[in-house]
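Based on the provided sequences and hints, a complete structural model is requested.
As given, the protein sequences belong to chains U and A, one line each in that order.
For the first sequence, the numbering used here assigns the number 1 to the initial residue and increments by one for each residue that follows.
For the second sequence, the numbering used here assigns the number 1 to the initial residue and increments by one for each residue that follows.
Careful, some of the hints might be misleading.
To be verified - Here chain U is said to cover these stretches of chain A; the calculated rule only asks that three of the stretch's residues, wherever they fall, bring their Cβ under 8 Å from a Cβ of chain U: (1) 45 to 53; (2) 206 to 217; (3) 297 to 305.
What the hints assert, rightly or not - A short, non-exhaustive set of chain A residues, derived as facing chain U with CB atoms under 8 Å: (4) D86; (5) L87; (6) G357.
These are computed hints drawn from the structure, not numbers from a lab.
For each residue, glycine too, the CB sits at the ideal point set by N, CA and C.
There are 2 protein chains.
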Amino acid sequence: MTIPGVHVSVSGERFRVVYRLTGREDEALVKAREICFEQTVEFPEELTPPGDIRERIVGCIEALEAQDANHFHAVISYAVETVGADLPQLLNVVFGNSSIKPGIRVERLELPDTFLRHFNGPRFGREGLRAWLKVPLRPLLCTALKPMGLPPAELAALAYQFARGGIDIIKDDHGLADQPFSGFRERVERCSEAVARANRETGFNCIYVPNITAPIDGLISNAQFAKSSGAGGLLVAPGLIGFDAMRQLADGGRLALPIMSHPALQGSFVVSSESGISHYALFGQIARLAGADATIYPNYGGRFSFSREECASIVAGTVVPMGHLRPIFPAPGGGMSLARVPEMLELYGRDVIFLIGGGLHNRSRDLVANCIYFRELVEKM
Amino acid sequence: MTIPGVHVSVSGERFRVVYRLTGREDEALVKAREICFEQTVEFPEELTPPGDIRERIVGCIEALEAQDANHFHAVISYAVETVGADLPQLLNVVFGNSSIKPGIRVERLELPDTFLRHFNGPRFGREGLRAWLKVPLRPLLCTALKPMGLPPAELAALAYQFARGGIDIIKDDHGLADQPFSGFRERVERCSEAVARANRETGFNCIYVPNITAPIDGLISNAQFAKSSGAGGLLVAPGLIGFDAMRQLADGGRLALPIMSHPALQGSFVVSSESGISHYALFGQIARLAGADATIYPNYGGRFSFSREECASIVAGTVVPMGHLRPIFPAPGGGMSLARVPEMLELYGRDVIFLIGGGLHNRSRDLVANCIYFRELVEKM
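Given below as structure tokens:
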């Protein structure tokens, strides 16, 4: 249903944001009109100058469609000039002030191809990561080094066993930082070396992906150190350091390592279905805009509360056409067990990274055997 | 009420986080136990190694206190070593993964003075900003240059009138970025010059505070350009570029300009009372940790939905003792009008920045007269 009286497209290049609004139809229309002003001129309608500012800069409601009696999707377009050409300002125009109002959720972004040229997006994407790992077809296997508190030598010993067992991606748990019990540099050197040694023995192409999330002034040097130590990827938590910091790493010419995005501190965006940002937009579209090659999120049925549908929507966001931006890997984790692999294969198909952490420890005490079992389970499907 | 069976302090230096948990008492206790593991080892209890990791690294429930039948405050302590010494990892340990679980809200941080030594916090704080502006006692007057879409010359003309009228702080609207209709550099030069000219004429010490929020690789150069052009402060939206980017600006020796923090994209943290981060912790404590000298937030009764109590809690967070960290200014805005100044003075007292944007335009067409009226209103209270 389209509401009569809603403006229809103005001239010039525009991008669109679909907002999910809570309220009756009349309330939703008021909210949509408020968003048009709040996200741009931040002026009451009567003070907004006529002409170009009123006609082009103010957001424009292109459609208002009922989802049910109390929820509407408003499609609002903005002139591309409101953003210029950068990610922080895109996020600002999409949701800066309106994030502070209840009952407004960003459902999805619709960005024209010409506008997307301002963004490089993922450097590797699905195909690039498969080529990097030399795994052309099957799902990718990933685990995490943990628990926090282990010294680098013990983490490296774990990494060696995982690599021997045929895991593709061994990442730091996101809680591993630069801590007295496990300094960043020693950990990265030891774990990189352990994985390289295992690869020489097995002929596999396992990569170690250290968590380089750190104070912003040390981020690039962490990435450079990781690369020079032989790490095969970078784990970054954009909720902790900003999406644009991840974008900078992805754009950085000489670094050229795949990036896995971790959801730490992003939960508040998705914890309510009536506010924040949708799983699809946050873990799919925005992660891609910010250069992630794989997007980690908690799978349904683990120790978090995402639903199967929300997880499926993330997958959709990782692959929906977005100009020249590459599709990226969904990497569901968070309390996954080996027993659930067959069921997960059903939902995710082959283009997925299975992230199993603790669940890889409790099949038996032999970690190498557990990894081999995991790999065979996936290969035979 | 304290729950029997809850662990009591372990050895070594620890910091505390108070979480508000939704659920019955037994559910809250389960949630609290889960947080202890989720925020540290991310391992099931049975897999967590005994000894130091189990005893010190895992979080420790120090108290569980009923707020009402369905809400509990859990005080959980963490070893300072889990953080090391940086802001992103502090945010990670406080709320990284638990942000993704519903019914958990960070209520407040309790950080020992020795731990706070890792953070410089605000460079100016309340006293420093008063000295910078040469306004020792009364509330500070602030307005915003808007609407988005005006060219630099028109924004500068507005800035000149505001400065002539005796406003203390003229900030860019947070929607002003580096846009085709208003390039960052031209805007900063013209507005700085306009304010300096007005100051020469009035003898006042008005400052222009441009929005320097930008891609992370251009942030420092934006700040340097602003400083060299004569800007008197920096507007930063840490929700868009990360808290640590603001911290870096505050720490940067040669920049040395006061920082105003804008709440864009931070709304999702506070929009639910059952999840996210409290107003007190987010706009008070964390803004201070991240180096803001003033924290902007939407006042109660404007066009946003914060309550009077939530605003009062932000004020409390700006001034609560936090080691050597300076108290900072609350800067309520968001649809404020001149008519509400007396009532706001009652809540906020003199240590406040009154941020009135659109409301300063609609008293009369004479902006200078409107500003003079605003200033007299505040001075005579």
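Results of checking the hints against the structure:
no.	hint	verdict
1	45 to 53	holds (count 6)
2	206 to 217	holds (count 5)
3	297 to 305	holds (count 4)
4	D86	holds, 5 Å
5	L87	holds, 7 Å
6	G357	holds, 7 Å
The structure agrees with every numbered hint stated previously.
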